[in-house]
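Here is how the chains run, residue by residue.
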Amino acid sequence: MKEITKDVVVIGGGSAGMAAAGEVVGKGHSVVLLEREEILGGILNQCIHNGFGLHRFKEELTGPEYAERYARIIEESQVEYYTGTTVSEIDSREDGKTVFAFSSEHGMLRINCRAVVLAMGCRERNRGNIGTPGTRPAGVYTAGLAQRLVNMEGLMPGSKCVIVGSGDIGLIMARRMSWAGAEVKGVVEIQPYPAGLTRNIVQCLNDFDIPLHLSHVVSKIYGKDRVEGVDITPLKNGMEVTEETFHVECDTLLLSVGLVPENEIARNTGIKINPETNGPLVDSNLMTSVEGIFACGNVLHVHDLVDYVSEESQRCGEFVSTYLKAGDREQQYSMVSGSNLKYVIPNRFSSGRDNHFYMRSLIVRNHAELVFSLDGNEVKRKKIRHIQPSEMISFTLKKEELADFNLDEQSRLEVSLIG
Amino acid sequence: MTKEMICISCPIGCHIEVTRNQDEITVRGNKCSRGEIYGKEELLSPKRVVTATCPADSILMARIPVKTTRPIGKELINSLLEDLYKTRVQAPVQCGAVIMENYAGTGVDVVVTKSLSS
Ligand SMILES: Cc1cc2nc3c(=O)[nH]c(=O)nc-3n(C[C@H](O)[C@H](O)[C@H](O)COP(=O)(O)OP(=O)(O)OC[C@H]3O[C@@H](n4cnc5c(N)ncnc54)[C@H](O)[C@@H]3O)c2cc1C
Ligand code: SF4
Numbered sequence: 013m014k015e016i017t018k019d020v021v022v023i024g025g026g027s028a029g030m031a032a033a034g035e036v037v038g039k040g041h042s043v044v045l046l047e048r049e050e051i052l053g054g055i056l057n058q059c060i061h062n063g064f065g066l067h068r069f070k071e072e073l074t075g076p077e078y079a080e081r082y083a084r085i086i087e088e089s090q091v092e093y094y095t096g097t098t099v100s101e102i103d104s105r106e107d108g109k110t111v112f113a114f115s116s117e118h119g120m121l122r123i124n125c126r127a128v129v130l131a132m133g134c135r136e137r138n139r140g141n142i143g144t145p146g147t148r149p150a151g152v153y154t155a156g157l158a159q160r161l162v163n164m165e166g167l168m169p170g171s172k173c174v175i176v177g178s179g180d181i182g183l184i185m186a187r188r189m190s191w192a193g194a195e196v197k198g199v200v201e202i203q204p205y206p207a208g209l210t211r212n213i214v215q216c217l218n219d220f221d222i223p224l225h226l227s228h229v230v231s232k233i234y235g236k237d238r239v240e241g242v243d244i245t246p247l248k249n250g251m252e253v254t255e256e257t258f259h260v261e262c263d264t265l266l267l268s269v270g271l272v273p274e275n276e277i278a279r280n281t282g283i284k285i286n287p288e289t290n291g292p293l294v295d296s297n298l299m300t301s302v303e304g305i306f307a308c309g310n311v312l313h314v315h316d317l318v319d320y321v322s323e324e325s326q327r328c329g330e331f332v333s334t335y336l337k338a339g340d341r342e343q344q345y346s347m348v349s350g351s352n353l354k355y356v357i358p359n360r361f362s363s364g365r366d367n368h369f370y371m372r373s374l375i376v377r378n379h380a381e382l383v384f385s386l387d388g389n390e391v392k393r394k395k396i397r398h399i400q401p402s403e404m405i406s407f408t409l410k411k412e413e414l415a416d417f418n419l420d421e422q423s424r425l426e427v428s429l430i431g
Numbered sequence: 053m054t055k056e057m058i059c060i061s062c063p064i065g066c067h068i069e070v071t072r073n074q075d076e077i078t079v080r081g082n083k084c085s086r087g088e089i090y091g092k093e094e095l096l097s098p099k100r101v102v103t104a105t106c107p108a109d110s111i112l113m114a115r116i117p118v119k120t121t122r123p124i125g126k127e128l129i130n131s132l133l134e135d136l137y138k139t140r141v142q143a144p145v146q147c148g149a150v151i152m153e154n155y156a157g158t159g160v161d162v163v164v165t166k167s168l169s170s
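First to last, the protein sequences are chains A and B. The opening position of the first sequence corresponds to residue 13 in our numbering, with each subsequent residue numbered one higher. The opening position of the second sequence corresponds to residue 53 in our numbering, with each subsequent residue numbered one higher.
So that you can see chain A by itself, here it is in the shape it has in the complex:
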């Protein structure tokens, strides 16, 4: 067993973990970063398409290029990192924390620290979560797994595929499979609007004449050992119109039906989970309900842009540093989401500084307004040209904008969308 003592342990070496670790070490604290895979970069390594880093680097990078920029920062810094190392447990006590991990190289690792950053990313929802009736043949993959097989291992999951769900990963895979010689027979989406970005609908489906069946479901899967086909049924007012069911032959089904934060370790550590995001509830410093444990990136809430992951995680690194240095904790107040928003992160705010919020809309609109109100009094209103659930809203409420308001322990800031 190897025993290490550091100020901070960062769990996960994707874009979130790398940005947080880089920031903490830059502020003069000692850090160890633990990553389950053999290389740093996380999900970015399998996202070989471009479209990353437009906000952050003002250029369009592919996932591996974006990952490499951050990995280089980590390699050149004082961050000690272990790849091929999986964290199994966090023990949190009054006087500090111990993180338990194992790797084939070192066996058991035991790391004592003062603060922990959760940056374990998310996982894909799978068939169990959507419950399609029919047989259980081979050939059903989540889109992200298929992406990994094709892009990193050079394996093709099949030659004729149907994609279930119109999330971005499924759309990106429709193009990837087409370019790699497979036939993509259609994308089936239960909602009346696509889950992914318009740009991906255009460049990944329309470019290849792949049909997008909105308000449709896969009603049955056929095949004994291997998928042989699916039935697709339209929905009207939420009901299946069985007479209009049609059959499509295929040998592969790719599921792109959403992502969920990887929250098992958080749950086992007794961290309170936000039912809207499935990630931890966090205060204005991105600290979870367990003191000294912070969260950022997809483990906190699922992001669509890596740029926001890096930004949020760097900020998380700053908060960790402040936590390690400061004695007193500042006063915090309640932050909630109101109409037309699925959630707001973080779940508390501070008065003496800028507060940065990420929100997810429940509606699709051109021209909407974001409205902040404190105990019923309007604080700030901002026009937004376009909103849709697949695009996260990012907003900073300036320190001055709250300066004229009186706050007490019961104060509550609410943010809503008016469509």
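Please keep in mind that the hints were generated in silico from the structure rather than gathered at the bench. Accuracy of the hints is not assured; some may be wrong.
Covered stretches of chain B, going by a simulated chain A footprint (3 or more residues, C-beta under 8 angstroms) [stated by the list, open to error]:
hint, region
1, 102-108
2, 113-123
3, 150-162
In silico contact screen, one side only, chain B against chain A (beta carbon under 7 angstroms); selected entries [as the list claims (entries may be wrong)]:
hint, residue
4, Ile64
5, Gly65
6, Ile68
Keep in mind the model is a prediction, meaning the values are calculated, not measured. The beta-carbon is built from N, C-alpha and C at its ideal position, and this holds for glycine as well.
Position chain B with the ligands relative to chain A; hints supplied.
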């Protein structure tokens, strides 16, 4: 000839109609002038950045990701992909290394997007 398309120059995604009448191209349904530029270019010479993987000679990874340095004409994509699948990349190689220069006289190169040690 009229083509319906969605402008992707911003998240609004206007549904536009692009009509070609001999030398004149008209765009309708666009909320701003960027939609007109997009529609014309998509009709005359649609281009895309291509990302793919090449086989890699390395024990670390079977495939190495690559991309075109700029968008290339859609009509060239299939032949480019075929050529890429036949191109073996030797490790060690640095991110950004050119593996195909000036593809089909377009002035566009293909570069590796991940460093791979030997
Ligand atoms: C498939 C997919 C496609 C995407 N496509 C785009 C896109 O086109 N453009 C864009 O801007 N954004 C895209 N995103 C969003 C963005 O890239 C990601 O949100 C971002 O990279 C996530 O970073 P992360 O560090 O939070 O998570 P991850 O990259 O998932 O990193 C988490 C890391 O933690 C490690 N880990 C997990 N559990 C443990 C443990 N117990 N012990 C040790 N290590 C552990 C994992 O191995 C992983 O490396 C995509 C996301 C996904 C999932
Ligand atoms: S036409 Fe203008 S407003 Fe409409 S999608 Fe294109 S850029 Fe956006």
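Structure-based check of each hint:
no.: 1; hint: 102-108; result: holds (count 5)
no.: 2; hint: 113-123; result: holds (count 5)
no.: 3; hint: 150-162; result: violated (count 0)
no.: 4; hint: Ile64; result: holds, 5 angstroms
no.: 5; hint: Gly65; result: holds, 4 angstroms
no.: 6; hint: Ile68; result: violated, 11 angstroms
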